[in-house]
Structure formats: C-alpha cells, structure tokens
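Position 366 of the sequence shown, counted from 1, bears residue number 436 in the numbering used here, the numbering being contiguous throughout.
Derived by calculation from the structure, the hints in this document are not laboratory data. Just so we're clear, the structure is a prediction, and the values are computed from it rather than from any experiment. All the pointers check out, no bait thrown in.
Here are the in silico distance ranges between beta carbons for each label pair:
| no. | residue 1 | residue 2 | range |
| --- | --- | --- | --- |
| 1 | 277 | 430 | 43 to 51 Å |
| 2 | 449 | 426 | 19 to 27 Å |
| 3 | 296 | 408 | 49 to 57 Å |
| 4 | 358 | 200 | 54 to 62 Å |
| 5 | 424 | 159 | 56 to 64 Å |
| 6 | 313 | 398 | 57 to 65 Å |
| 7 | 267 | 417 | 26 to 34 Å |
| 8 | 340 | 374 | 33 to 41 Å |
| 9 | 261 | 374 | 38 to 46 Å |
Glycine included, C-beta positions come from ideal geometry on N, C-alpha and C.
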Amino acid sequence: MIRRFLACFAAAGRHSGPVAGLLSGVLLGTACQPQEGAESVMPESTTLQRPEGLNLEDDPDPSTSLVLEQVGPSDSKLEFSQTEMDLGRVYQGQLRTAYFEFKVEGPDSVVVARLDTSCGCTEARLEVEGREWPLRRPLPPGTQGRIAAVFDSERYSNRKTAKVEVKGNAANLPLDLNFEALVRPVFVLRPNMVDFGRVNVRPYRDEDPQVVIRVTAPEDFQILDDWKLPAGFHLEVVGESQPLPEGRGVERQFRLSLDPLAPPKLYYGTAVAETSLERKLEIPLKAQVVGPVRIRPEQRLSFGTLRPGQRPTRKVVVEATLPGIEIPAPEAILSDCPALETEVLTLEEGRHYQVLVKVREDGAEGRQVGQLQLRFPESSGLPDKLLTVAVRFRRDP
Numbered sequence: 071m072i073r074r075f076l077a078c079f080a081a082a083g084r085h086s087g088p089v090a091g092l093l094s095g096v097l098l099g100t101a102c103q104p105q106e107g108a109e110s111v112m113p114e115s116t117t118l119q120r121p122e123g124l125n126l127e128d129d130p131d132p133s134t135s136l137v138l139e140q141v142g143p144s145d146s147k148l149e150f151s152q153t154e155m156d157l158g159r160v161y162q163g164q165l166r167t168a169y170f171e172f173k174v175e176g177p178d179s180v181v182v183a184r185l186d187t188s189c190g191c192t193e194a195r196l197e198v199e200g201r202e203w204p205l206r207r208p209l210p211p212g213t214q215g216r217i218a219a220v221f222d223s224e225r226y227s228n229r230k231t232a233k234v235e236v237k238g239n240a241a242n243l244p245l246d247l248n249f250e251a252l253v254r255p256v257f258v259l260r261p262n263m264v265d266f267g268r269v270n271v272r273p274y275r276d277e278d279p280q281v282v283i284r285v286t287a288p289e290d291f292q293i294l295d296d297w298k299l300p301a302g303f304h305l306e307v308v309g310e311s312q313p314l315p316e317g318r319g320v321e322r323q324f325r326l327s328l329d330p331l332a333p334p335k336l337y338y339g340t341a342v343a344e345t346s347l348e349r350k351l352e353i354p355l356k357a358q359v360v361g362p363v364r365i366r367p368e369q370r371l372s373f374g375t376l377r378p379g380q381r382p383t384r385k386v387v388v389e390a391t392l393p394g395i396e397i398p399a400p401e402a403i404l405s406d407c408p409a410l411e412t413e414v415l416t417l418e419e420g421r422h423y424q425v426l427v428k429v430r431e432d433g434a435e436g437r438q439v440g441q442l443q444l445r446f447p448e449s450s451g452l453p454d455k456l457l458t459v460a461v462r463f464r465r466d467p
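Kindly produce the complete structure, drawing on both the sequences and the hints.
Below is the structure:
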C-alpha cells in the first residue's frame with residue numbers, strides 16, 4: 071500500500087495541470103452506494119449503449135500511477151442531455167432519484183474523479199448499462215451512461231434545490247447538475263394546531279369546548295394504535311376518510327375536546343399516533359383552564375441572603391377572573407418560617423386582594439424554608455393554595 075502511495079506521488083511529479091488536479095481527486099474521491107426505496111425521475115431516452123471495447127468486468131486499480139498515466143488530460147467532453155431537472159412534488163421522508171444521462175463525445179476516454187453533492191442530495195453515483203460504474207475508471211469514447219442523484223426530503227419543506235458537481239478530466243468539467251423539488255408534509259392539519267384558549271373551569275362554563283381538525287394526506291391511511299394524548303384532552307374519529315378533488319389525496323377529521331373535570335392550569339402537548347403511511351400524525355394541543363380566582367406571586371417568594379437591617383417585602387396577587395363572580399378574602403397562614411409574617415390587603419372588595427410577605431425584625435442566622443397557605447372559607451368552594459417561601463440570614467463578622 072505504501073509503495074502504491076509513493077508511486078502516485080511520483081507520477082504526480084511527472085505531470086502538471088489537469089493530471090495533477092485529477093490525482094488529488096483520485097486520492098480524495100469516494101464512490102457512493104445506492105439507497106434502497108428511492109423513487110427515480112429519468113427523462114425519456116434511448117437505451118444506454120456500450121461502446122465497442124468497453125468491458126464492465128474490468129476494474130483497474132485507480133490508486134496506481136499507471137491508471138493516471140493512461141488517462142491523462144482528455145479532449146473529450148461529457149455531454150449531458152440536460153443539466154437541470156424538476157422533481158415536482160415530493161413528500162417529506164421520500165427518497166427520489168434524478169437521472170442525468172450523458173455520452174462521452176470526442177476522441178479520448180474520460181475519467182469522472184469525484185461527484186460532490188450539496189445538502190439535500192445524500193449521494194450520487196455513476197452508472198453505465200444500469201450498473202454502478204466506479205469513479206476514476208476510464209469511460210471510452212462513445213460511452214453512454216447516467217449520473218444518479220438521490221434526494222432525501224426528510225429535513226426540508228417548500229421549494230428545495232440541490233446539485234451534484236461533476237469533477238474529472240473531461241474538457242467541460244467541472245460541471246454542475248442541478249435539480250429542485252417542492253417538498254410537502256405528508257399530513258397537513260387545518261387548523262395547524264388546536265388551541266382552546268382560556269376556558270373557565272366547571273361549573274363556570276356553559277358547555278365543554280370542542281374543535282374538529284381536518285387532516286389531509288396524499289393517500290388513505292389508518293391509525294395503527296391508540297393515540298398518545300397529553301393529560302386533559304380527549305380525541306375521537308369523525309366519520310370516514312373522504313377523497314379530495316382532482317386526486318389530491320384524502321381528508322380525515324378528528325374531534326378534540328377538553329376533559330370536563332380538568333382543574334385550572336395550563337395544558338399543552340402533542341397528540342401522537344402511528345399511521346399506515348409509516349409517518350407519525352402529530353397534533354399540537356393547548357388550553358388554559360382558569361378558575362374563578364387567580365393567585366399570582368409578583369416575584370419568587372425566596373428572599374435570598376439577608377444581612378441585619380434588610381427587610382424586603384414580597385407580594386402575592388389574589389383576584390377574581392370571571393365577570394360577576396365575587397371571591398372572599400383569603401386567610402394567609404405561614405408554617406416553618408418564623409422569620410416571616412403576612413398581611414392581607416383588600417384592594418377591591420370581592421374582586422382583588424394582595425397578600426404581603428414581610429421579614430420580621432432580624433431573624434436567627436441560617437436558612438428557613440416554609441409554606442404559605444392561602445385558605446378560603448369552606449363555603450366558597452375555592453381550593454386552598456400552597457406556596458413555598460424561603461429566607462436566609464447572615465450575620466456580619
């Protein structure tokens with residue numbers, strides 16, 4: 071192997087210009103392997119032909135200087151029937167192969183040393199008579215073949231362009247082969263997410279909210295297993311799938327609803343199902359369930375480290391959220407934190423209160439962590455609220 075490597079550099083020293091450039095391509099280039107499951111796009115053409123003297127079984131070792139000396143710079147061209155191609159509509163996750171046919175025109179053999187691909191094109195390969203032709207193997211004059219470029223649509227959407235740069239010793243190389251595709255998601259949701267917005271907790275709402283979402287796909291599909299739903303949501307299938315006009319696919323409908331017993335909080339997540347199209351169907355969900363009262367600290371109830379004389383105050387807002395509903399003033403109870411005290415202020419009777427959490431006169435050195443309980447009269451039916459409080463005292467030396 072070392073002798074072959076040294077022989078290559080020795081050959082490079084005897085040449086300059088195109089051959090030296092070709093040698094670097096020989097040392098660095100790699101051949102691509104075909105991917106399974108790729109669809110192909112190929113223009114109509116005559117059958118690819120084998121010129122006289124072309125042996126598909128020959129496999130010269132491209133790492134030797136002998137092959138490079140035999141190739142040399144070429145006066146022939148690699149003439150392509152087209153260098154631009156539109157793959158049309160492609161769905162995310164599909165592999166599509168674009169074929170660019172060529173013929174070696176001229177008196178000399180041609181060597182394709184490298185096929186450099188851009189993002190979106192996962193691989194490119196050289197083919198003659200439908201079989202992969204190794205890079206750096208000479209193509210005799212008159213050879214007809216094609217370059218296959220595989221496009222992977224998984225990570226793209228909308229219009230996507232890609233290219234293959236063909237490098238070799240032909241007179242018209244390097245040359246770019248360009249192709250593009252319109253990438254569409256397998257599933258299109260209308261609306262694209264289900265947002266219930268602010269929903270009053272029962273019994274303060276007249277009816278339970280529901281949303282019907284329409285899902286279109288390129289072909290009919292089935293849900294293979296139970297839906298995985300975030301807490302607080304329900305889902306059911308509505309009717310059968312319906313074909314879309316002009317053969318544009320099918321549409322299915324699903325009804326999303328909020329759990330009638332969902333307590334006040336923010337609900338969000340994604341409903342996920344495995345489908346027969348080998349793609350997951352995902353529906354984003356969101357809902358804000360609000361009760362008759364909202365309790366909101368204006369900042370964290372952690373006072374950090376205090377020195378003697380420091381006495382900051384924290385505020386907790388307690389307010390009614392529903393029109394026409396009155397709430398009683400809460401009772402504020404502190405536990406396990408003797409360094410703090412509370413005071414409840416009435417800003418608007420029945421609607422708006424403020425709980426002050428204050429530091430007493432200098433507390434004992436060290437950290438205290440406790441609970442602030444906001445308790446409403448049992449007759450109000452409002453749940454209690456627990457908040458964590460913390461403070462640390464540090465004495466100056």
